[in-house]
Amino acid sequence: MTTLAFDPSADPNLVRRRKIQNVAAASLGRRKVYSRIAIGICWVSLALAIVPLVAVIAYVVAKGLPAWNIDFFTQSTTPEGIPGGGVWNAIVGTVEIGVIATAVTVPIGLLCGLFLAESDGRIAESVRFTADVMTGMPSITIGIFGYIAIVRNTGGYSALAGAFAIGFIMLPVIMRAGETAIRGVPHQLSEAALALGARRATIARRVVVPAAMPGIITGVLLAVARGLGETAPLLLTIFGNQYLKWNPTKPIEALPLAIYNNSSQPYADLIQIAWGAALLLMVVVLVLSIGSRVLATVLQRERR
Amino acid sequence: MFPDGAYRGLLAVAGAVFVALVAWFVVSLIVQARPAFSTLGFSWIVQKVWDPGHGKYGLLPFILGTIETTAIALVFAVPIGLGTALALAYLVPHRLRAGLGTAVELLAAVPSVVYGLWGLIVLAPLFRDHVEPALTSVLGWTGLFSGPNEGVGLLLAGIILFVMVLPTMVAISRDVLAVVPVEQVEGAMALGATRWQVLRKVVVPGARTGLLGAFTLATGRALGETVAVALVIGNSPYVAHSVKSAAATLASLIVNNFGEATGTQLSVLFAAGLVLLVIGICVNALARVLVRNTARSGVTSVAVA
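First to last, the sequence lines map onto chains V and Z.
Quick note on my numbering: the first sequence kicks off at 234 and runs consecutively.
Quick note on my numbering: the second sequence kicks off at -3 and runs consecutively.
In short, the hints are calculated from the structure, not lab data.
Just so it is clear, CB atoms sit at the ideal spot from N, CA and C, and this is done for glycine as well.
Treat the hints with care, as some may be off.
[Unchecked claim] Pair by pair, the computed Cβ-Cβ distance ranges are:
{"#": "1", "chain 1": "V", "residue 1": "ILE303", "chain 2": "Z", "residue 2": "PRO129", "range": "35 to 45 Å"}
{"#": "2", "chain 1": "Z", "residue 1": "ASP47", "chain 2": "V", "residue 2": "ILE303", "range": "28 to 38 Å"}
{"#": "3", "chain 1": "Z", "residue 1": "THR98", "chain 2": "V", "residue 2": "ALA257", "range": "38 to 48 Å"}
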């Protein structure tokens, strides 16, 4: 009778299992080390990304705030060496360009957004693609377009030419944001209105657009924020103006130009003005961006 | 109000107005750039000498400058952007994710001229006095760092572009990373993969197309950026011999010469704009095709892109 005494060290299965366990433990140890290192690198990248971005904002606030005083907001730019002076002319210009561009672009953009949201054919698809490509177009090319189309044809640099270029940059953003917001409106709403015998135009005006309003407002504010910060197109269309001008058919100043032109001057007071203008522009853009999100959330909540 | 047909007509007209504007945009640049080609031919595009006073309009220094600044920006932006996006999508505690994500999107909205101002006034002296001497002493043997330390130049322009394109890249990458199916992530974890293995073998491959799209969009932005680069690149119309050299890009060439240019020179500047337009169409079309199916389609992501 053979003995049944169990000798673990002789069992080939167990030997193999122990070998596998050893290899696995070594592998796990190695993989854990790799993982730690790689995950650590991800954290370092996050830090490397945050540092310069925080630094930009910190510098603009620290250097810009001292430039803010009554003169800064109420006086026009003075020539270098003459103390005082501000960016009132640039504020007027930026507001003027922003208002004209928004007033013209929002209706067209909204109609285009409705068009994209309500049609699914090949034509709509290519319009949508065109809009997407245009949102990433280098803004200098659109400045050139503004120069060729408006400045040359109307006989000079003007706020209108600037508003045209800025509006053309905002248009595709508003279109796509509008489309996205309108597509988010539940089908049942417009189907119910349709069942009640409403016409398409009435449904759009009374049902779909009001329901999509939070998203539309967010999109418009973001587009405005983007448009106001553009510099290159303005260099080619409004030219800049040291003096306060309300007339939109004349060359005017704008905040981005005040930053651009003053920053490369060798005078401390002009660089100070540039920092102040940068802070103002950044605050405006961030307030618009943050405001759009807050407003969208609030409007969305009210609806429920 | 008015009948369905008229309503649909109105919408179609609005769409047509947009398409017509885009067509006008493209055609007007082509038409205005044509005199440059008809009087100078085509060889000037790749010639080295820019001397408008003597009728020499070589664009090569500017084409190279555009490529070099973008390359410097991408060398930093691709790894750091990917790492940041991975951290934001998978590593940062849940409570902080939304807040940090919004912060990144807001940073994408900071106007480029603000980055340019910061680069010129703050970074340029720092680069001239500390960064460039240090780099030259450590990496001088590569020959990339010859010449004087001036602060402004290719390197600073590339770094500013890196800082500028980073928020765009991170915002889109994070979106495409976050839509990788959670079942796949959990499956990999259940098989005993470490955190990094999950990210490296499941998440990144799953989002590959979208990530490529994000990098492409960032490239497009870097290639076409104008004022921030114009402020920090030093604007020299010569082919750079070192990364510290002052140089110029196609976009900075346009803004810096636009005021004085007339006749052929103006047409040459329009041609440079046309080159940027073609690059813009190619890069953005490619990026959209890549990002289309993966990215979250929210109102804000439209604006960020």
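A quick look at each hint next to the structure:
1. ILE303/V to PRO129/Z: 35 to 45 Å: Since ILE303/V and PRO129/Z have Cβ atoms about 43 Å apart, the given range 35 to 45 Å holds.
2. ASP47/Z to ILE303/V: 28 to 38 Å: violated (49 Å)
3. THR98/Z to ALA257/V: 38 to 48 Å: holds (42 Å)
Hint compliance for this structure: hint 2 alone is broken.
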